[in-house]
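J.: Counting from 1 along the sequence shown, just add 9 to a position and that's the residue number in the numbering used here.
Calculated from the structure, these hints are not laboratory results.
Glycine included, every Cβ here is placed at the ideal spot set by N, Cα and C.
Hints are supplied without guarantee of correctness; some may be wrong.
Derived Cβ-Cβ restraints for the label pairs, each shown as a range [unchecked claim]:
id	residue 1	residue 2	range
1	Met44	Thr69	29 to 37 angstroms
2	Met44	Glu19	19 to 27 angstroms
3	Gly78	Arg113	17 to 25 angstroms
4	Leu84	Arg116	31 to 39 angstroms
5	Asp39	Arg115	27 to 35 angstroms
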Amino acid sequence: MTNFLPALYEGHAPITLQNLFRDALEAYDDWDEDMPEPIVSFEGKVVPISAVFDWMRPCTDIMPANMLGIVTDRLTKPWSGTGPLDEMTVSTAARVMSVLVRRRLRRFGRGSIEAFAERFNQPMRPGQPG
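Turn these sequences into a full structure, and let the hints steer you where they fit.
T.: What follows is the structure, encoded as structure tokens:
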């Protein structure tokens with residue numbers, strides 16, 4: 010499904026992929042507990058945020074400070090990195106977010122956009138409330 014996303018180059022993400030990761034973080038931040046998994050758009054295609062987080066797991070770039078709070082605010086323990094400034098990599102953030110998405114989807118059920126779409130694509134029978 011994500012084979013159309015740009016590849017990392019020696020662990021580094023192109024700016025388009027960094028922007029997509031930011032969009033996925035913001036979508037997670039806005040995600041209401043009882044709603045299906047959010048999607049983001051990349052070059053006209055929709056991608057579940059879980060796919061974006063999985064794609065970014067090998068990324069060695071440092072998390073931008075303006076996005077770090079979305080991740081660290083959800084940790085049960087304070088963040089303490091091993092870098093000189095306790096920097097978090099995108100890889101670490103993507104792994105954390107992957108776990109958080111999986112937990113929320115387990116609580117919600119299937120939770121994917123496909124499940125949401127299935128609800129509205131069922132054929133209506135005469136006399137069935139719509």
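J.: State for each hint whether it applies.
T.: To see whether the hints hold, each was checked on the structure:
The supplied range of 29 to 37 angstroms is met by Met44 and Thr69, whose beta-carbon atoms lie about 32 angstroms from each other. For the hinted restraint 19 to 27 angstroms between Met44 and Glu19, the CB-CB distance of approximately 37 angstroms leaves it violated. Separation of Gly78 from Arg113 is about 18 angstroms and conforms to the stated range, judged on CB atoms against 17 to 25 angstroms. At about 18 angstroms, the beta-carbon gap between Leu84 and Arg116 misses the expected band of 31 to 39 angstroms.
Taken as a hint, the range 27 to 35 angstroms is violated for the pair Asp39 and Arg115, whose Cβ atoms sit roughly 20 angstroms apart.
The structure does not agree with the numbered hints 2, 4 and 5 stated previously, though it agrees with the rest.
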